[in-house]
Amino acid sequence: MNALADRVADQGVGSIFLYTHEAHPGEHYPHLTSMEQKFKHAHDLRDVLGVTRPILLDSLDGVCHRAYGSMPNMTWIFNRSGTPLYKSDWTDSNSVANAIDYFLDVIQRRRGKERLAPFRVERLDFRNQDREAFYKGLERNGPKAVREFQEAFD
Amino acid sequence: MAPDLLTLYNYDEFIPAKFEPWMRFDQSPPLGEKGPDFPLTCLDGTETRLSEVLAKNTYTIVEFGSFT
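As they're listed, the protein sequences go chains A and B.
Residue numbering for the first sequence follows the numbering used here, starting at 1 and increasing by one per position.
Residue numbering for the second sequence follows the numbering used here, starting at 1001 and increasing by one per position.
Treat the hints loosely; a few may be bogus.
Claimed, not checked - Under the rule of at most 25 Å between Cα atoms (straight-line distance), these lysine-lysine pairs were calculated in the DSS-like manner: (1) B/Lys1034 x B/Lys1018; (2) B/Lys1018 x A/Lys144; (3) A/Lys113 x A/Lys40; (4) B/Lys1018 x A/Lys40; (5) A/Lys136 x B/Lys1018; (6) A/Lys136 x A/Lys40.
FYI, nobody ran anything at the bench for these hints, they're computed from the structure.
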């Protein structure tokens, strides 16, 4: 997602990471109880996990996150006036890239004087499911995070 | 006493009873209609709003997530 953000930045596309609650709390990164702690975790998202996009924090009660569906890692694309044009219940850079390239082409089509009207489309996209990498992430959160995920799904 | 929203939202255990209530994508705002606006805080502590962030570019990609 960082690479995508960099690729489209000079085409009028901004990218942000909106910080929510902790999806998989563990001993090293526990569930959030203060904004001070949220700031610390968000700094680590940048400094440890390497997110280079601007990180913005939702309120501690997740009012924005909850309003937009409160999934643990979803991605939305908005236009300038705040209208959502794309929403995905998980995040996959291929899917987001496909969508943003389509929307950038819409701008070109309008410049070519094509008359366009919006319509809704539904599509099933596919994301990488690298279990080994995912479990490495859970281990970073703490053994509790690993154990609870295994108990919930494995 | 019933747990408050802060406690429920910031669940302390990844167990279905605590995380499943937040899987509400089917209730999320529809595409093509202006979405709700909320205050957000930048990493440097500056206060802003989602609308102010979105107004800066033709399109904005917003990834929701956390360290964990």
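How the hints compare with the structure:
1. For the proposed pair B/Lys1034 and B/Lys1018, the alpha carbon gap of about 30 Å is over 25 Å, so the pair is violated.
2. The straight-line distance between the Cα atoms of B/Lys1018 and A/Lys144 is roughly 15 Å, inside the 25 Å bound, and the hint therefore holds.
3. For the suggested pair A/Lys113 and A/Lys40, the alpha carbons sit about 49 Å apart, so the restraint of at most 25 Å is broken.
4. Using a Cα cut-off of 25 Å, the hinted pair B/Lys1018 and A/Lys40 holds, with the two alpha carbons roughly 24 Å apart.
5. Proximity of A/Lys136 to B/Lys1018 is assessed by CA-CA distance (about 23 Å); at most 25 Å being required, the pair is judged to hold.
6. Among the hinted pairs, A/Lys136 with A/Lys40 is consistent with the structure: their alpha-carbon atoms are about 21 Å apart, no more than 25 Å.
Of the numbered hints given earlier, the model fails hints 1, 3; all others are met.
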